[in-house]
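Top line first, the protein sequences correspond to chains A and B. In this note's numbering, each residue's number is its place in the first sequence (first place is 1) plus 26. In this note's numbering, each residue's number is its place in the second sequence (first place is 1) plus 5.
Keep in mind the hints are simulated off the structure, nothing from the lab. Be a bit skeptical, because a hint or two may be false.
[Claimed, not checked] Under the rule of at most 27 angstroms between Cα atoms (straight-line distance), these lysine-lysine pairs were calculated in the DSSO-like manner:
1. B:Lys27 / B:Lys80
2. B:Lys80 / B:Lys14
3. A:Lys224 / B:Lys14
4. B:Lys31 / B:Lys80
5. A:Lys66 / B:Lys31
6. A:Lys154 / A:Lys190
7. A:Lys155 / B:Lys14
8. B:Lys80 / B:Lys15
9. A:Lys224 / B:Lys76
10. A:Lys154 / A:Lys95
11. A:Lys126 / B:Lys76
12. B:Lys31 / B:Lys76
13. B:Lys15 / A:Lys154
14. A:Lys154 / A:Lys66
15. B:Lys15 / B:Lys82
16. A:Lys155 / B:Lys27
17. A:Lys190 / A:Lys155
18. A:Lys95 / A:Lys190
19. A:Lys126 / A:Lys154
20. A:Lys154 / B:Lys14
21. B:Lys82 / B:Lys27
[To be verified] Here are the in silico distance ranges between beta carbons for each label pair:
22. B:Glu59 / A:Gly259: 29 to 35 angstroms
23. A:Lys155 / B:Arg12: 17 to 23 angstroms
24. B:Gly72 / A:Gly187: 38 to 44 angstroms
25. A:Met270 / B:Glu59: 44 to 50 angstroms
26. B:Ile35 / A:Arg235: 51 to 57 angstroms
27. B:Asn33 / A:Leu121: 54 to 60 angstroms
Note that the Cβ used here is the ideal one computed from N, Cα and C, for glycine as well.
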Amino acid sequence: MFDLNGKTALVTGASGGIGAAIARALHAAGATVALSGTRKEALEALAGELNGRTHILPCNLSQKDETEKLVPAAEAAMGGLDILVNNAGITRDMLFMRLKDEDWDAVINVNLTSAFRLSRAALRGMMKKRFGRIIQITSVVGVTGNPGQGNYAAAKAGMIGMSKSLAGEVASRGVTVNCVAPGFIESPMTDALTDAQKEAILRMVPTGRLGTGADVAAACVYLASAEAAYVTGQTLHVNGGMAMI
Amino acid sequence: MSDVAERVKKIVVEHLGVEADKVVDKANFIDDLGADSLDTVELVMAFEEEFGVEIPDDAAETILTVGDAVKFLEKAKAA
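Bound-form chain B, shown alone (with noise of 0.2 angstroms):
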């Protein structure tokens, strides 16, 4: 797993309170661990701050997915 993948992992176990072994990449956030809108709010907010970047509205309503805040996550730190 890769380190943004791991951070990531980290931050939806705490935030969220589930079982680590359920953080897979395509666990849905609301779907499939159990989040509500502003759960997915928080998360966003803890991801700009682990990772120090910027996720604008329209970019967060597309990540969905433990694998899409890690896709957009490592393509924000590679650019």
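So here's chain A without its partners, still in its complex pose (with noise of 0.2 angstroms):
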């Protein structure tokens, strides 16, 4: 099962933790992989821990024209790309009446857009193949929302949508298009919080646990395999049952 030898995949934010975990369980199950982001030391410490099989591409996603090279480069290094996975993210998070036009435009344009440049690029060689599979790491607050986060949670639903009508449009020639949803997962960013403010989220969650990198790496490793074919326009949500959606 879920088998994924001989496949290209393209991992945007894979020098960040769960970008890193998708690589390598995508890497795991056999895929080649190609690691982009914007820290290459980062990128380059996750290559030497996988150990062959991977790429460098490092390309900083709120530049238009680095973002076009990212897919061409990809294909050109592996021949070809099967899945992508939109994972880069960023966070400027404020009150929404306190929320400055360029923290709006910065989060839109490396969430979003970047993800609609990276899936239009990539669509053209997975038509032609009649198989592809892009994948993009929304987040439970573009379903739930999240005060303190107007711009993340509007870029995040964004790709739900997006994603349902791309979806809709390639279903045909065998590229399927889905988002992962996380919850609350262990990264430098929940490391930062005090253990009250953990308490505070645990009682939300019934698992009782944050997720783990792994946990959302899982879901993008089934989406990415031949069995989830018949799997197209879906959110599958990672987060210890927070929010049942």
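Hey, can you piece these two chains together into the complex? The hints should help.
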């Protein structure tokens, strides 16, 4: 089950915790993985750990021209692209009344617009091959909303609507488009929380623990697999039951 | 038949899975050959690749029949 041998994948934001976990899991399932991100050292460290079947493609997704070169570079490096995981994301949290245009624009640009551009670029090869897997890493807050994250929640909700629309267009060509929506996941961001804050969060999570990058990555491996061919336009929530939607 | 027309016809037959004798100049991709809107996008992509030309969106919109495609590509090739 879920054998990705011979498949090629591009993971954005692979220098971050969840992105690295996704790259590890796809790689462990047999895929060749192109690691993209802004921090080259972190990508190199990950590539060293995976030891083979990786390519390092640094990219700043806030730059249009860099973004547009990323998929062609991945295709050139790996001889094609079967699986695209749009994982890269940034936050600029602020109460709505104080939210500045530039913080709105930055979050929409990196989290949503880059996912649009990369997906569009990947489609050509996928449609031709009659096989493709596009996976957007969205967030539970894209569905529930979250005070202080108006920009982030808008971008993540945008990914869901975008994916459903695209899924309908390309389903007949063997290309699926799905979202994975993590809840609270262990990361440098949650490490910075106080014990009291963590306790408050855990009261909302029936599973009683924070999620891990591996929890999110497992959902990606499934959606990337041949077995998930009949699943498209969906959002798979990986949140320990904190929101049942 | 010109070389361009033959190559266009081959692509259309392969891509849409239609009988070669139905792929005549007047055949409309959607109405006569059963293409959907995504097929037309893919056909344009295939023409671009085969002939090494770029077909901008506004030009692609005017390519409705096999003959339209041949005419456009003959012109593009001559240019």
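Hint check results:
| no. | hint | result |
| --- | --- | --- |
| 1 | B:Lys27 / B:Lys80 | 24 angstroms, holds |
| 2 | B:Lys80 / B:Lys14 | 17 angstroms, holds |
| 3 | A:Lys224 / B:Lys14 | 65 angstroms, violated |
| 4 | B:Lys31 / B:Lys80 | 18 angstroms, holds |
| 5 | A:Lys66 / B:Lys31 | 55 angstroms, violated |
| 6 | A:Lys154 / A:Lys190 | 21 angstroms, holds |
| 7 | A:Lys155 / B:Lys14 | 21 angstroms, holds |
| 8 | B:Lys80 / B:Lys15 | 19 angstroms, holds |
| 9 | A:Lys224 / B:Lys76 | 67 angstroms, violated |
| 10 | A:Lys154 / A:Lys95 | 19 angstroms, holds |
| 11 | A:Lys126 / B:Lys76 | 52 angstroms, violated |
| 12 | B:Lys31 / B:Lys76 | 12 angstroms, holds |
| 13 | B:Lys15 / A:Lys154 | 16 angstroms, holds |
| 14 | A:Lys154 / A:Lys66 | 32 angstroms, violated |
| 15 | B:Lys15 / B:Lys82 | 18 angstroms, holds |
| 16 | A:Lys155 / B:Lys27 | 26 angstroms, holds |
| 17 | A:Lys190 / A:Lys155 | 21 angstroms, holds |
| 18 | A:Lys95 / A:Lys190 | 25 angstroms, holds |
| 19 | A:Lys126 / A:Lys154 | 42 angstroms, violated |
| 20 | A:Lys154 / B:Lys14 | 18 angstroms, holds |
| 21 | B:Lys82 / B:Lys27 | 25 angstroms, holds |
| 22 | B:Glu59 / A:Gly259: 29 to 35 angstroms | 31 angstroms, holds |
| 23 | A:Lys155 / B:Arg12: 17 to 23 angstroms | 22 angstroms, holds |
| 24 | B:Gly72 / A:Gly187: 38 to 44 angstroms | 39 angstroms, holds |
| 25 | A:Met270 / B:Glu59: 44 to 50 angstroms | 49 angstroms, holds |
| 26 | B:Ile35 / A:Arg235: 51 to 57 angstroms | 54 angstroms, holds |
| 27 | B:Asn33 / A:Leu121: 54 to 60 angstroms | 56 angstroms, holds |
Of the numbered hints stated above, those contradicted by the structure are hints 3, 5, 9, 11, 14, 19, listed in ascending order.
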